[in-house]
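> Read top to bottom, the protein sequences are chains A and B.
Numbering-wise, the first sequence is residues 19 to 294 according to the working numbering.
Numbering-wise, the second sequence is residues 33 to 383 according to the working numbering.
If you are wondering where the hints come from, they were derived from the structure by calculation, not from laboratory data.
Backbone N, C-alpha and C fix where the C-beta goes; we use that ideal spot for every residue, glycine too.
Accuracy of the hints is not assured; some may be wrong.
Label-pair distances were calculated between CB atoms; the ranges are [what the hints assert, rightly or not]: (1) Glu-210(B) / Thr-114(A): 38 to 46 Å; (2) Ile-273(A) / Lys-139(B): 53 to 61 Å; (3) Cys-94(A) / Ser-86(B): 36 to 44 Å.
Covered by chain A, per the in silico footprint, the following chain B stretches (three or more residues, Cβ under 8 Å) [stated by the list, open to error]: (4) 103-113; (5) 122-134.
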Amino acid sequence: MNSRLAKTAGLTALWLLVACFLLFPFYYAVVSSLRAGSEIFEASLWPADPGLANYRQVMIDQPFARNILNSLMVACAVVVLSLGLAVFAAYAFGRTRFRGRRLLLYTILGVSMFPQVAVLSGLFEIVRLFGLYNNLLSLIFSYMIFTLPFTVWVMTSFMRELPVEIEEAAIMDGAGPWTIVTRIFLPLLAPALVTTGLLAFIAAWNEFLFALSFTLTNEQRTVPVAIALITGASQFELPWGNIMAASVIVTVPLIALVLVFQRRLVAGLTAGAVKG
Amino acid sequence: MTSVTLEGIGKSFGKTEVISHVDLAIESGEFVVFVGASGSGKSTLLRMIAGLESPSSGQVLIGGRDVTAAPPSERGVSMVFQSYALYPHMTVRQNIAFGLKLAKAGKESIAEAVGRVAQMLQIENLLDRKPSQLSGGQRQRVAIARAIVREPEVFLFDEPLSNLDAALRTQTRMEIKELHRSLGATMIYVTHDQVEAMSLADRMVILHRGRVEQVGPPSELYHRPATAYVAAFLGSPTMNFLSPERIEGGEALLASGERIALPQGDWSKAARIGIRPEDIEIGQEGLPATVEMVEELGETRIVHARLSDGEELAIRSRALTEDDRNSQIRITFLPERLHVFDEDGRRLEER
Ligand SMILES: Nc1ncnc2c1ncn2[C@@H]1O[C@H](COP(=O)(O)OP(=O)(O)OP(=O)(O)O)[C@@H](O)[C@H]1O
Ligand SMILES: [Mg+2]
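Chain A with its partners taken away, still in its complex shape (with noise of 0.2 Å):
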């Protein structure tokens, strides 16, 4: 009896302790970003006088907003279009036999292997080429590079797993093609779709490089890169309160979606462990 105890309060120390470990980071943001002037460079844990002053300045002083909005958009277009095309590259690759599939498959695993720099100085000048220079749609463009092996090796294995005669029992129902993924492989890729899209979504709003790269001025910026160049009154003083307030601002988002579709998420990575 006793050494259970023993064990519950053991392992709910250790919970706590990674807990604080992982989340300490997020809590120290979120107070400093309520800290006001100079008090930013106190150790305590709370602020002697909480304010908002932060967020205003950031609000009002850059186009934050602007960014945050230039954000979304990227990301939610990186989204639905990888989650389109993975679907239909899944649909071939997981269902029909052609040649060079596998070379194909892996090829495009080896294009999410090469570092960012590695393509950043071919891919600038292909953007340069199409003339997305400072345009948004060369982010969407560039992210895909990453989003897309993924969310096609994804969907591809969940593909496979969906037994072909669920497909055919709809043939022979009478469903055509555009029945068949609409109303069968839809909900049945569901979690899946979930699942990456979420991925998707959070490297496509963290991205960092190429952001920098294919953006010139303030109002194309993405989130990261806008936090990264926040700039104080003069050179010589970094607005530490600023930039902290941005960054609670943008990850909120993500943790809310994360909430929302937790239940979902769940399932999408535990899907297939267990036949339906």
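Let chain A serve as the given structure and place chain B with the ligands on it in line with the hints.
For chain B with the ligands alone, kept in the frame of chain A given last:
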């Protein structure tokens, strides 16, 4: 009601020929069962009738109409799959109604049709469940309900009972037979279980390596198998085969010097003689044999005996028990129950 005709059907996957030149005429309202060993092409043949696979050669006619190029939905057939293939994200009701909805049937007629088949298959209380909340037997019923709700003229079943336990299998088998009687539709059924095949079939089609080995009513196939393959395929334990040294004056001469009386006929080409385990009698005279083992099956026993030339025989008999191991017995074959096959395994007819 509709007939199904296969004319010179062949199917190759790449270079491997899986079905070669199958001709088959299935009459309207008939219950035909395809049987054969695993890989003999039963499913492939069925899928070509369904339209899920297109034949490499030949034609499929349903109701006299050439449907070789027609998509499955235009053939008036429906299919029950081995894995049931229910739509996991839909309730039982939606599963059954899916085909009707796609056919743009009215709301009321859909509800009426679903209610009717649900009652027929006794699944009314399951209509609002998802397939994952059903047992194997219940899923099977839903799959059958989904197949019959559109009132097709031809039903195709691909090993629909193989995932059920033995008791349920026997019960569902009878229900399918009853269903056939009440619907009067043409049914084509694939199984590798010969008991299931014999109990259901009006006519059985035995497939062997993509060819039709024999077509006929179960009792004919059992009692007058056209080839040695069919003879060995049907019956459990399988038919005993003896290879005589030569034929002499209406008797087969075994290597041991023993003689077996044959019925009237021209046996000059005889290469193998078959006799079923239940057609061998243990008695006071006949061929000497040694009992090697006795299997208890409840309603009968299987005696495994060895002839003096080393050939092994299975005999269905209640006369011996496990205590008779290693004892000497004498056996006789009923001449009119002997099956004689030539070099190529073809049946030689008595006269
Ligand atoms: N899509 C395919 N591509 C290549 N070969 C195939 C394909 N489908 C079936 N085959 C081959 O065709 C042969 C017959 O297969 P089929 O599924 O018709 O056998 P079956 O009689 O239904 O066997 P089982 O009792 O195991 O279901 C097998 O040798 C199989 O390997
Ligand atoms: Mg099969």
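> Each of the hints needs a verdict: does it hold here or not?
Results for each hint:
Checking the proposed 38 to 46 Å range against Glu-210(B) and Thr-114(A) shows it holds: the Cβ atoms sit about 41 Å from each other. Between Ile-273(A) and Lys-139(B) the beta carbons are some 44 Å apart, a value that contradicts the proposed interval 53 to 61 Å. Look at Cys-94(A) against Ser-86(B): about 42 Å separates their beta carbons, and that is inside 36 to 44 Å. Judged by the Cβ-Cβ criterion of 8 Å, the region 103-113 of chain B is covered by chain A as claimed, because 7 of its residues qualify and three suffice.
For the region 122-134 of chain B, the proposed coverage by chain A is satisfied: 3 residues have a C-beta within less than 8 Å of a C-beta in that chain, meeting the threshold of three.
Checked against the numbered hints listed earlier, the structure breaks hint 2 alone; every other hint is satisfied.
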